[in-house]
Every structure is written in C-alpha cells, then in structure tokens.
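Peer 1: These protein sequence lines are chains A and B, in that order. Note that the working numbering numbers the first sequence so that position 111 is 128, with each residue one more than the last. Note that the working numbering numbers the second sequence so that position 199 is 1501, with each residue one more than the last.
A hint or two may mislead.
What the hints assert, rightly or not - Sample of chain A residues facing chain B (criterion: CB under 7 angstroms; computed from the structure): (1) Leu162; (2) Val171; (3) Asp175; (4) Ala181; (5) Glu229; (6) Met231; (7) Thr258.
As the list claims (entries may be wrong) - Okay, the calculated beta carbon distance ranges per label pair: (8) Ala146(A) to Ala1412(B): 42 to 52 angstroms; (9) Gly52(A) to Gly1313(B): 36 to 46 angstroms; (10) Glu1429(B) to Arg280(A): 18 to 28 angstroms; (11) Ala233(A) to Asp1451(B): 50 to 60 angstroms.
Claimed, not checked - From chain B, some residues computed to sit far from chain A (all C-beta separations above 12 angstroms): (12) Ser1325; (13) Asn1343; (14) Leu1365; (15) Pro1385; (16) Asp1458; (17) Arg1481; (18) Glu1482; (19) Ala1498; (20) Asp1500; (21) Phe1512; (22) Ala1520.
No wet-lab data here; the hints were simulated from the structure. For clarity, every value in this text was computed on a predicted model and none was experimentally measured. All C-beta atoms, glycine included, are put in the ideal place defined by N, C-alpha and C.
Below, each chain spelled out in residue letters.
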Amino acid sequence: MLAPLQEPFMQRALAEVVLLGAAGGAIGCWVVLYGFSYAAESLAHSIFPGLVLAAIAGVPLLLGATPAIVLAALAIALAARVAGVGREGAIAVVVTTMFGLGALLALSPRSPPGIESLLFGDVFGVTGADVATATAFVAFAAIALRLLHGRLLVAGFDRGGAPALGVSPTLADVALLVLLAAGIAIAVQGLGNLLVVAVFVGPAAAARQLSERMPATMLLAAALAALAGTAGLYLSYYAGTAGGASVALAIVVVYLLSLPLGRLRAIRRGRTLLPAGATIG
Amino acid sequence: MPAEPLIEAVGFAAGYDAAPAISGVQFALREGQRLALLGSNGGGKTTLLRAILGELRPLAGTLAVHAACGTVPQTERSRLDYPVSALDVATMGTLAGLPWWRRPGRRERAAAARALDRVGLADLAPETFGKLSGGQRQRVLIARALVQDARVLLLDEPFSGLDRPSSERLEALIAELAREGRGVAIATHDLEQARACDLVLCLAGRQVAFGPPAEVLADVGVLEATYGGAIVELPGPRGGRAILPPHHHHDHGHGH
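Please construct the entire structure, taking both the sequences and the accompanying hints into account.
Peer 2: Here is the structure:
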C-alpha cells in the first residue's frame, strides 16, 4: 500500500489529485446546483486548441489554456446573442469549432508526439510547479467560495428576488464560471481535456445524493473527489491503466455507489416519492 | 394626513421589448395598505411586480419606489430540492445589509431566527425548505423580507395551492404586517383575496381600474374587462360560487 508513495512522481500525482479533487469537488457542487454541467464540459473541450499550441510552443499548458478559455467564454456569450441561436446552440457551435481547430492543429505534421496526453491527461507527469499552482488554486478557491457563499446561494435559490437583496444573479453566474474555468485550466494537465469535467461534476453529483445542506455537500464532494483521485492513481499504478482515465473511472464508481445510498437515505427519512395520485394509508 | 406614498405610478408603462406588457398604470401605495393586483394569467401582474423591483425600464410615465422591497416569489417555481433550511432562507434577507465581503454570521442568523419566530415557524427553522408545506414556505419567505427590513412586501400569487387554514393564517400575517405600517402588494387572480385588501388594481395588459375593492369590484364591467370576457367566478357568502358568463353581466354594466 505504501510502496507507490516512495516514488516522487507518485507523490506529486497524489498531491495533484487530492488538491484539485478538493477544489473541483467543492466548486462542482455549485456547478451542479446551477445546472452548469454542460457549460463545464464545453469549456473543457474548447480549450483544446490552446493546449495544442502550448504543447507545440513548449510552454506550460496553463499559458495556452487561459487565453483559449477566455476566448471560448466570450464567443459563447456573443453567439448566444445571435437571434434564434440560444445558449445551448451557441455552446455547441463554439465548442465544435474550438475542438475542431485543436484537432486540426494536433494532427498537423509540426505537432510534437504525445499529443494524446492533452486529451487524456498525464497525471504522472505533473511537476513540482504544477503542484504549487494547484496549491495556490486551492487557497484561491477556498477564499472565493467562502466570500461568495451567501450570494451564490441566494442567486441560485431565487434569481428574481436576488436583486432586491443586493445580489446580481448575472455576477454570481460570471463569478462561478470564472472559478470553474480557472479550475479546468489548471486541472487539465492531470486529467486531460476529455476527462477533466469528471472531477467537477461526478463527486458533486454524488455528494448531492447524500446531503441536504450546501456546506456539508461541498465538504463531502471535496472528500469524495480526493478519495476517488487517490483510488484512481493506485489502480493505475498496480493495473497499469492510464492515470487520468483511472481517476475518471473511480469518480464514476463513487457516483454509482452514491445512487443506492442516496435512495436508502431518502427512504429512511420518509421522503419516498409516491406515484401521482397515490395516497398514504 | 397620509405620508408620502411608498410606491407611486403615474401613467406608467413597461414591457420586455418595445411593446408594453402593461400600460396606463396609475396608483399609490401608502404605509399600512394592502394592494391587490388582480388579473388573469398574462394580465401583467408579475410584470408590474418586476417593474417595482426595478428590473424593467419604463416605456412611459414614472414609477417611484421610496422603500426597500422584499419579494415573496411563487414557491412552486423555487426548486424544492434546493439544499437549504428554513433558517438559511430567512438568513438570505440579511445580505441586503452586508458589504459583499461579509457573510452572514451569528448575529445575522439570530435575526433570521427571530423573524421565523415572528411568522410562527421557530420550531421548523432547521427543516429543509422544500419539505415545508406551501403556506409554511410562504411564511419563511415573508420572514426573509422581514429580516431584510423591507417596508414593502411583494407577494406573487401567495395563496395559490394553499388549503383554507394555511390561507387564513397567511392572510392574518399579511394584515398584521400592514398594521405595522408596511405596504403590501399581492398579485392574485382570486376575487375573494382581492376583496380582503384595502385597494385593488385591475390589470389586463393595461390598468382597468384602481380603488377600494368595494367600489372597483362592484362594477361587473370592470371584472369583465379584467378577465377579458372569460367566465367570472364570484364567491358567495357561504363558500358557494355564483358563476357569471360574460354575456350575463354585460346587461348590468350600464347601471354605473
């Protein structure tokens, strides 16, 4: 059990998944509550061209991911204003364009080998600098979530009534998306472009089944994400499976386990849903 | 002498694009008054509430709001699986008075608990909001407005889906808040609820009438215009109902 911990690459990988799992799990609770899961997936995919360019230029992936995610967010906002397109349509158009652009770049002869690590992540390749970035992000996310908590809660609860309480629902959306985008840009190194969304949606969706208060849900999601990340790395180490995919798999397993547990909990609390028209007794 | 109105509209029109959804709105709501916004669905009740909250720009006229408004939205639309307790919801009201970097602390939660006590829900404070009954949810939202120290309460169809005891309890609470000097605006399509208010404003895309219910609602022409010629149900004294088809009360409309 402790043997893998002797390896420095494993120590860094573990630190990375625990840190980003904790931050991603907590942020993910708001993502799930706000119905932003699709936006999260879209943002993750649309940074692909930025990642490819960063890989070609040989600079840290974050330098490519950041401008790409800003560009994607702006493009989605602008495309949604075109009459008859709507938000979902705008997201779909922008994401396919960006992802296609990334694929075009990745398949060009000038691209370095190993581009698939951008898609599926290279969690065992994280550097000390990556771990330091993740640590800084966790601190940033913890402060931001603490400051924003009350306002996010109000805006998600009652968009119409929020302005009367001095809370702008639009600003709440933007703050959450910025936090999400930053998290994705940082976590993409380890989990890859296709799987990074798992850490922002899976643990939160699982925790949601098991808790009815936001702070408890966030703590639980953070813990579940860190746990699943660790389990995934061990699986990868011993079974020789791909790191990012193993972490994503562990997250899916956690989510699947949460479903019967959540059901059980609901029944024990007397919250069984009766079919329409049914009466008790 | 009546003080300055809490809300005053003069020739007001508003909507979601260039075409007004409501027009010709002219009324004043003063301290201690309950105003019913009466109309059928799509008549513009919610539009007027949104305009009072400052969400819509006037297309014509003016709408002056001189007090902090607290909203009591329809709870059917709020998500019942939202992970908050009754106390959490009441505590939301304290945000209005806090700078952005402060989150509600012990003092704010104590204020929220007092407000819940005030609406008779002290013992349900830790309960999940979505598990409360419709009437209890309305009272939690009223507690939120009290915590916010709103001098105007805006209620959107607060009685819909409530059983009779819950309705009566809510009505008594609203009357009590008005006696404290708050202004209360209640959007409703229910004539009986409108009758219980001090003032009624009939809306059907435009303002049909405004005044005390005894005057306004006695005019069947007004009712017909308000409900767009649809069937009007007039509640009788013992819970019975007299249903007047549009053609029937047309004849009586000339008498005024």
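Peer 1: Enumerate the violated hints, using their earlier numbering and listing them in ascending order.
Peer 2: 1, 7, 11, 15 and 16
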